[in-house]
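Residues per chain, in single letters:
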Amino acid sequence: MTTPSQTVGPYLAIGLPWEDGPAVVPEGTEGAVWIRGTVTDGEGNPVPDAMVETWQADPQGRFDHPDDPRGRVPGFRGFGRCPTQPDGSYEIRTLLPGAVPGEGGAVQAPHIDVSVFARGLLNRVVTRIYFPDNAEANAADAVLNSVPQERRGTLIAAKTADGYRFDVRLQGEAETVFFDV
Amino acid sequence: MAAPTSDKLILPRYRRDPEGTHPPLNSPGYRSTQLRYPKQPLVLLPQMLTEVTGPLLGPGRVGELDNDLTRQHAEEPQGQRILVHGRLLDGDGRGIPNSLVEIWQANAGGRYRHIGDNWPAPLDPNFDGVGRTITDSEGRYEFTTIKPGAYPWKNHDNAWRPAHIHFSVFGQAFTQRLVTQMYFPDDPLFFQDPIFNSIPDEKARQRMISRFDYSRTTDHWALAFEFDIVVRGRDQSVFENEEDEEE
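Protein sequences appear in the order of chains G and W. The first sequence lines up with residues 1 to 181 when you count with our numbering. The second sequence lines up with residues 1 to 247 when you count with our numbering.
Don't take every hint at face value.
For each label pair, taking beta carbons as the anchor points, the in silico distance ranges come out as [said to hold, decoys possible]:
1) Gln149(G) <-> Arg71(W): 55 to 63 Å
2) Trp221(W) <-> Glu30(G): 49 to 57 Å
3) Trp119(W) <-> Lys159(G): 41 to 49 Å
4) Pro120(W) <-> Ser89(G): 43 to 51 Å
5) Pro86(G) <-> Trp221(W): 47 to 55 Å
6) Gly60(W) <-> Ala142(G): 47 to 55 Å
7) Trp34(G) <-> Ser137(W): 34 to 42 Å
8) Trp18(G) <-> Glu75(W): 44 to 52 Å
9) Trp221(W) <-> Arg151(G): 50 to 58 Å
Pulled a few chain G residues facing chain W out of the computed Cβ check, cut under 8 Å [unchecked claim]:
10) Met1
11) Pro17
12) Gly21
13) Asp64
14) Phe76
15) Leu144
16) Ser146
17) Lys159
18) Leu170
Since the hints were made in silico from the structure, they are not lab data. Yeah, the Cβ is synthetic: ideal placement off N, Cα and C, and Gly gets one too.
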């Protein structure tokens with residue numbers, strides 16, 4: 001009986017952006033990094049009317065949520081939201097997530113869940129950001145390993161001077177891996 | 001929730017929606033999908049901790065007049081004043097309390113307060129078309145607004161969007177995140193709208209249409225429409241280990 005999804009359309013910018021949306025953590029937070037990237041379409045052109053949302057664990061791998069079976073840890077919003085600019089870019093300031101328990105006693109490599117909304121997307125598309133610093137954990141991560149090897153790289157952010165770069169290619173060459181949740 | 005054990009996590013699981021509930025990302029009738037839909041198959045993501053949790057956004061996000069789009073300026077906006085109300089529910093009919101609901105819409109003439117919208121209907125200085133609220137303890141929400149107008153777009157010859165209000169909800173988990181559009185009953189423009197008609201299942205499509213609610217109209221004040229938003233339901237408790245489940 002679920003209500004169907006519909007596109008955000010071209011005018012999400014009047015309703016959805018928040019002044020503090022890109023700030024998962026406030027300015028000046030120790031250890032904060034910027035995750036920046038560009039959303040592009042099947043011709044490689046920037047998508048200027050998209051919105052990127054992020055959801056993640058805190059640096060200890062915990063969530064401020066009652067369904068975290070280890071108990072809720074209040075204080076870390078864990079959520080970021082940034083509309084894309086005319087050049088298709090977005091940015092999120094956050095803390096790196098910790099490793100998160102997975103299935104059967106396994107550990108998931110640190111990751112951030114991402115939703116992308118845009119005109120022309122009738123439903124959100126979902127992807128994950130992983131980090132290049134965690135090569136060993138990434139190699140053992142069940143989700144990453146479920147992705148064809150030649151496409152795995154699209155899920156791994158690149159290191160930059162003040163954080164990471166994570167581009168979202170909706171379609172075409174080096175298309176980002178998207179998940180069915 | 002259940003206590004953690006040494007090597008097992010007991011997590012809720014969100015049921016996947018039946019085929020045809022949501023629009024295919026590749027919907028050629030809606031031209032803007034064509035350069036934006038992923039061509040590679042989606043990879044199945046098991047629901048683990050990051051997916052069964054989600055942002056709990058509530059108080060602090062919403063100002064006092066944010067759910068009354070007719071009182072955000074010095075004077076009232078043009079148009080038919082309406083109450084839009086309903087419940088945010090999960091797939092089992094349980095109300096989702098204390099959850100953020102965001103809306104945005106065109107004005108009575110069908111124009112959005114957005115730099116990219118330049119069709120020749122006037123902007124209304126008394127209408128922004130943006131609202132936010134938090135559901136109450138039973139998942140109820142309500143907005144006072146004006147009925148948005150239909151507007152033309154360039155998708156096909158003589159294309160018009162049926163009047164609609166955009167809704168964005170979070171529910172309680174990443175898997176429940178939903179953005180949709182609420183339509184009005186008996187809109188004559190449905191037949192030619194590829195966005196409305198992108199939903200394959202006829203019954204699912206009808207769930208995007210609000211119900212005229214005479215019982216909530218206010219004499220000499222406002223008409224009323226009821227619109228329930230249903231996000232995915234969850235199983236009460238499931239062992240994370242598939243083998244255990246089958247035993």
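The hints, checked one at a time:
| no. | hint | verdict |
| --- | --- | --- |
| 1 | Gln149(G) <-> Arg71(W): 55 to 63 Å | 57 Å, holds |
| 2 | Trp221(W) <-> Glu30(G): 49 to 57 Å | 53 Å, holds |
| 3 | Trp119(W) <-> Lys159(G): 41 to 49 Å | 45 Å, holds |
| 4 | Pro120(W) <-> Ser89(G): 43 to 51 Å | 32 Å, violated |
| 5 | Pro86(G) <-> Trp221(W): 47 to 55 Å | 42 Å, violated |
| 6 | Gly60(W) <-> Ala142(G): 47 to 55 Å | 36 Å, violated |
| 7 | Trp34(G) <-> Ser137(W): 34 to 42 Å | 39 Å, holds |
| 8 | Trp18(G) <-> Glu75(W): 44 to 52 Å | 27 Å, violated |
| 9 | Trp221(W) <-> Arg151(G): 50 to 58 Å | 56 Å, holds |
| 10 | Met1 | 5 Å, holds |
| 11 | Pro17 | 10 Å, violated |
| 12 | Gly21 | 11 Å, violated |
| 13 | Asp64 | 7 Å, holds |
| 14 | Phe76 | 10 Å, violated |
| 15 | Leu144 | 10 Å, violated |
| 16 | Ser146 | 6 Å, holds |
| 17 | Lys159 | 22 Å, violated |
| 18 | Leu170 | 5 Å, holds |
Checked against the numbered hints listed earlier, the structure breaks hints 4, 5, 6, 8, 11, 12, 14, 15, 17; every other hint is satisfied.
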